[in-house]
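Q: Chain by chain, the residues:
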Amino acid sequence: MAMDEELYKQNILDRYKNPRHKKVPESFDMREGGVNASCGDSLMVFLKFDDNGKILEANFDGEGCAVSMASTDMLMDKIIGTRMEDFANIYELDISTMLGIDIGPSREKCAYLGANTLRRWVGENPLGTI
Amino acid sequence: MIDTDTIKKDFPLFNNEEENGLFYLDSSSSSQTPVHVLDSMDAYYRTYRANTRRGQYPMSEKAESSYEGARILVAQFLNASAREIIFTAGATASANLIVYSLENSDIFKEGDEIVTTIMEHHSLFVPLQKLAKRKKLIIKIIPMKEQETFGELDYVIAKELITPKTKLVAFVGVSNVTGTINEMKELCIMAREVGAYSLIDATQGAGHMPLDVKDIGCDFMFFAGHKMCGPVGIGVLYGKQELLEKLEPGFYGGGMIEEVTLEGVKFAPVPHKFEAGTPNIAGAIGLGAACVYLQKIGLENIQKHSEEINAYALSRLSAISEIKLYCHQSPEKNIGVMSFTVSGVHPHDVGEIFSRAHVATRGGHHCAQPLMKAMGVSSVNRASFYLYTTKEDIDALVNGLLEVRRVFA
Chain A
161 MAMDEELYKQ NILDRYKNPR HKKVPESFDM REGGVNASCG DSLMVFLKFD DNGKILEANF
221 DGEGCAVSMA STDMLMDKII GTRMEDFANI YELDISTMLG IDIGPSREKC AYLGANTLRR
281 WVGENPLGTI
Chain B
20 MIDTDTIKKD FPLFNNEEEN GLFYLDSSSS SQTPVHVLDS MDAYYRTYRA NTRRGQYPMS
80 EKAESSYEGA RILVAQFLNA SAREIIFTAG ATASANLIVY SLENSDIFKE GDEIVTTIME
140 HHSLFVPLQK LAKRKKLIIK IIPMKEQETF GELDYVIAKE LITPKTKLVA FVGVSNVTGT
200 INEMKELCIM AREVGAYSLI DATQGAGHMP LDVKDIGCDF MFFAGHKMCG PVGIGVLYGK
260 QELLEKLEPG FYGGGMIEEV TLEGVKFAPV PHKFEAGTPN IAGAIGLGAA CVYLQKIGLE
320 NIQKHSEEIN AYALSRLSAI SEIKLYCHQS PEKNIGVMSF TVSGVHPHDV GEIFSRAHVA
380 TRGGHHCAQP LMKAMGVSSV NRASFYLYTT KEDIDALVNG LLEVRRVFA
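As given, the protein sequences belong to chains A and B, one line each in that order.
Following the numbering used here from start to finish, the first sequence increments by one per residue and tops out at 290.
Following the numbering used here from start to finish, the second sequence increments by one per residue and tops out at 428.
Isolated chain A, as found in the complex (with noise of 0.2 Å):
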């Protein structure tokens, strides 16, 4: 039976396999952790800021699925230029269009980890259903 490959479309599986930010930078202005301890996601955020208070750098370092890990990936390249206050405006609709697919229950957490774990830094509410 040929399996549906969108949930690990080229870029989930790619990001998984080779990620652009994944490590602990020698130095950090800001590190959060994010945690799913229902299934054993977790990571740490690391974020350097310019003088402007602009994300100059974005890293992050942890062990999950390839869609946690893949979308904390994704997502540390779209916050670098941004301001932490532009975290409040991370929606599910930006995981999901960033990821390229849609975000089953069952997944949320995953998907979400990385900005939940901004959003929580900033005392923003999670994404996702309760």
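Honestly, the hints are just simulated from the structure, not real lab data.
The C-beta atom is built at its ideal place from N, Cα and C for all residues, glycine as well.
Hints are supplied without guarantee of correctness; some may be wrong.
Here's a subset of chain B near chain A, in silico, CB distances under 10 Å, partners left out [said to hold, decoys possible]:
| id | residue |
| --- | --- |
| 1 | 320 |
| 2 | 370 |
| 3 | 383 |
| 4 | 388 |
| 5 | 391 |
| 6 | 398 |
| 7 | 426 |
| 8 | 427 |
Starting from the known structure of chain A, fit chain B onto it as the hints suggest.
A: This is chain B only, laid out in the frame that chain A set:
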């Protein structure tokens, strides 16, 4: 012996067009429900929908006798007496009820010890942990054996841990992760020898193997209906009659009293003392029907069937090099639960690919985080079997694994 073709016809879900071609390997989480159980609950709702507790018209009397009749069926299922069967909202409700009841009865004093195991489900472990914090008790954990077969508790260490300071030995009869059928009788003997109570979480074993509370010798046991072909929302707490009579209940309300005045209360006799409020009447009736259904097939036959599927699954899974098994690998000592990881692929991704192949499994910590930590993982995939599981289900699982390998190569 089990004829799965015939058995599957009893389960409407397998004959449901939409779920055609579903390979259901998640019975450890919740089992399928046969038409006999559905019909019994439907009959209640459609033809004698009334409350129990001695209303004075025929429909209510029928509800009462059906509910109490279900209690007798469950008692027979366990080789207990009806007064020893308490209906609850589920296994977790039962666990909380008995732990709180023991506490309420002043069983524990500061410094007393509780012995449990590393493979507990949170439904029992968390209540025990909270109890220990409230009453300043010490919890001792029976580990798994380091060498030899994976998944065995270390009974030598258990014997050392269970001392005259132990007030309660509470343990999982069958693990929902490793599938291990623990030596229930042996642990209950150890408890009895030091004068401790024994409490067994039988949730993974009930309906999958014969359970005889007199033979096992436990003081208390609990399980859920929905993992043994019964409906959701109903569970059982068994307790020796003389113990239940002495215990203070943990939950209060109507139906569990004999007399209430402004000053105080006199409780009803057991088991009603422990059944406050309108019970899950339909659920109890359904659970009674599940007991009848399973006993007709034969619990020994069901267990033998699981052993055959275990043997087949183990032979096929061991041929895949990326698989690491986290379950008991002796077919007779495993209830039919196989946990595993695929090297280099996160359990959630494995589960997703299974799902696309119509193989229903579960990935995660399975409400056993201390066990996950002891095994050195954060989560595992789990395939679990029951009386309707076939070799085709296992073949589909294996094909799913080959697909995982292909996608994540």
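Q: None of the hints should be skipped; say for each whether it holds.
A: Verification of the hints:
1. The interface hint given for residue 320 of chain B is violated, since its Cβ lies 32 Å from the closest Cβ of chain A, which is over the 10 Å cut-off.
2. At about 8 Å, the closest approach between the beta carbon of residue 370 of chain B and any beta carbon in chain A falls short of 10 Å, and the interface hint on this residue holds.
3. For residue 383 of chain B, the suggested interface contact is upheld, since its CB lies about 5 Å from the closest CB of chain A, less than 10 Å.
4. At about 8 Å, the closest approach between the beta carbon of residue 388 of chain B and any beta carbon in chain A falls short of 10 Å, and the interface hint on this residue holds.
5. Proximity of residue 391 of chain B to chain A holds as hinted, the smallest CB-CB distance being about 8 Å (cut-off 10 Å).
6. Nearest Cβ of chain A to the Cβ of residue 398 of chain B: about 4 Å, under the 10 Å cut. The hint holds.
7. Interface restraint check: residue 426 of chain B against chain A, minimum CB-CB distance 6 Å, threshold 10 Å, status holds.
8. Given hint, residue 427 of chain B at the interface with chain A, holds; its Cβ is 8 Å from that chain's nearest Cβ, closer than 10 Å.
Of the numbered hints stated above, the single one contradicted by the structure is hint 1.
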